[in-house]
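Student: Here's the letter readout for the chains.
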Amino acid sequence: MNDLVVEMRQITKAFPGVVALDNVDFDCLRGEVHAVVGENGAGKSTLMKILSGVYEPDSGEIRLEGKTVRISSPYVAQQLGISIIYQELNLLPDLNVAENVFLGREPRNYFGFLDVRSLEKQAQGVLRRLGLDIDPRTPLRRLTVAQQQMVEIARALSLNSKIVIMDEPSASLGGQDLERLFEVIAALKKQGVTVIYISHRLAEIFEVADRVTVFKDGKVVHTSPICEIDRPTLVRLMIGRAFSETFPPRGKDFGEVVLSVRNLTSGNVLQDVSLELRRGEIVGVAGLTGSGRTELARCIFGARKIDSGVIQINGRVAQIKSPRDALKYNIGFLTEDRNEEGLVLGLSVRHNAALPSLHQRQRWGIVDLAAEYRTVQSKARDLNIRTPSLNQNVEFLSGGNRQKVVLAKWLITNPDLLIFDEPTRGIDVGAKSEIWYLMRDLAQQGKAILMISSELPEIIGMSDRIIVFHRGRVVGELAGADATEEKVMMLATYGE
Amino acid sequence: MTNEAARFSSRSFQRFVDENREQLTIYGILLIITVIGTVLSSQFRTSTNFFNVLRQAVALGMVSIGQTFVILSGGIDLSVGAAISLVAVYTANLMKAYPAMTLPIVALMLLLGLAIGLFNGTLITRLKIAPFIATMATGSILQGLVLLNGKRPSGKIAPGWNYFAEGMVGPVPFPVIVFAVLILLAIFVIHRTVLGRYIIATGGSERIARYSAIRTNLVLNAAYIICSLGAVLTGLFITSRMGIGDPQVGGLSYDRFDLDSITAVLVGGTRLGGGKGTVIGTIAGVLIVAVLNNIFNLVGVNTFYQWIVKGIIILLAVAAYSSRKTAE
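From first to last, the protein sequence lines stand for chains B and G. Just so you know, my numbering puts 179 at position 171 of the first sequence, and the rest follows in order with no gaps. Just so you know, my numbering puts 157 at position 60 of the second sequence, and the rest follows in order with no gaps.
By construction, these hints were calculated from the structure, which means they are not laboratory data.
Mimicking DSSO-like on lysine-lysine, the simulated pairs with C-alpha atoms at most 30 angstroms apart in a straight line are:
| # | chain 1 | residue 1 | chain 2 | residue 2 |
| --- | --- | --- | --- | --- |
| 1 | B | Lys227 | B | Lys75 |
| 2 | B | Lys336 | B | Lys260 |
| 3 | B | Lys495 | B | Lys260 |
| 4 | B | Lys313 | B | Lys329 |
| 5 | G | Lys225 | B | Lys313 |
| 6 | B | Lys329 | G | Lys225 |
| 7 | B | Lys57 | B | Lys198 |
| 8 | B | Lys495 | B | Lys224 |
| 9 | B | Lys336 | G | Lys225 |
Next up, chain B with everything else stripped away, as it sits in the complex:
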């Protein structure tokens, strides 16, 4: 019998403007835990989406247990015994555990009614196979996130899945929960289930995986048993790339401290965070998704509650309870998700750009349109926003131009501190570089810039200083000039 459960041969998948997967070979053995690593956009998610039926490949062949298959939809994937567990859980919080495990496949009795007893018994059985001690009648919302994840795994097992794909399962788990997850994975293995484990946390991979495959720029660059590779090699394989992006020169001669954060704690996502930011300086905040980077920005901007700690702006203690307060302290925030949090889609460039500063150009509540045109026009020119007119609906602008409109919106308020969360996400390469030069210009004009980014080249290329987050704490600080992707990645993944 062939022990290869999954064979993917010469898989290619292109999206408009980018080849996401280029002739990729990937396979899995029965009952192994196969770790898949790579940076954002390296292609690992695309491959998993192909395997789980979300996308179809442009070319290539997929074989399951030796038989060629076509996985045309997630439903087909499920029928073939492939389950995927996403980072965001897909469960119904108001149903109980058993109902969630068997959602859509509830056992019926003779009359076609729901057979509750059999439902609970079967659920109990599945939970026991995973070694889980959860009452199947517990409403899902009473469970912790970690337990809910176990329920999702139980669901996959109840579907008789032969392959379970876990996409960053540990992102929201800590210590003990992580141990539970590993136990459950061990239980799955024992039953001959193949687990494909996607994670950024390298330490875990060495603990849980049998084999590892490394993706980079749409290609597989390495596959081997985990014991044949060490951590630094793995990191190097993940990030080694040809530099093609150009960054503006770094800054020098920084001014006085604009932002000072002392011992900031918020919920369990930020713990005892301290940092400083000077006029003219760009400080990069690196860390994995969920490490507290965005939450820090939200705290400073008044969009998230602070439990303890002090924020000082220009030497004064600032009580920032709302974005409105943040504006009074001359803080601007370019959010990660421009469409949900940055620009009102459906409104024009002018209306969007004028929004936070509207009160500055009015008399008796009436907008001074002439001043508005002048102000927005001049910022649009400074930032080189390409739009047919200022009355253009922002929906019709490209990602780069939208980001510039968000930037214009804050620049008009004349901020001292600008926070960029993923400043170039979803923006094409040429426009990226344009945004980077704009940011450096702003720093040279004396603004302090805090830049959160998942993209290592951006962090290293742009930052005068880099602060690395790991699980809500600052775990290290590097000078931009000395930083390498290896160093940042080491800190971000191990927290040491």
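For this one, chain B is given, so just place chain G on it according to the hints.
Tutor: Okay, now just chain G, sitting in the frame of chain B:
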């Protein structure tokens, strides 16, 4: 030269059509309905009837302008019908008791509108009750208060107060002039004032508005206050026209001002959910409803057919807008 000028003007005409396609469509529909009315009824095309339709449009129009503000802000106000009844009954009864106090009574009604709007706004912004539920409950409370006062029409308006509905300035009815001024005022508020911008931004995305340092709670309160004031004006107008306070005039009779005003706003192209819409569109919606009512009355169609037709219109309008959105 002339050729080029002609091409230029045809291009700018094209752009005008593209940018205002929705509103041109609505006014096109209004035109078609009017033509049908003209063909069907000789009475319809008289100038007396023209002003009659306009006068009918005023009652629905004033509250619909208010409703436009609320729907633009992302909400909905189902309490306007009951508010209109309340104002009708209180105005007529107070005027009967104190015939000399016309203006103070009007001022009092406007204050009442402010209070109702503030009440709705508080339920929605402070207690976080969904606008649909909050205003429906407010409407129920108000209608109950009105009916406690008596189920029959009561009171009598002060002498001279009928001028609001029936006065003429030359050939033009006074209420039509008032309505025109209100339309201009509403357009001005939406397009030229900070408040108008804030309402549209809040309707477009409450979160983005909040992140843009806007006090969205204040903005929402203002929208509900404007809407209730619109309802008060409609209530005052109806009382002036009828001369008596009917406790069912706003929401329980055939003219359901809550639903009709929402119909007018949605037919007029304002997006349910907020962020996009115009007063001009709403006026078209109001005129469509008014002209249809007028034609039905003249031709002698059973009133209940009007309900059926209104229901179909609202479905068609919303389906047309949402299918266009998907097409984009």
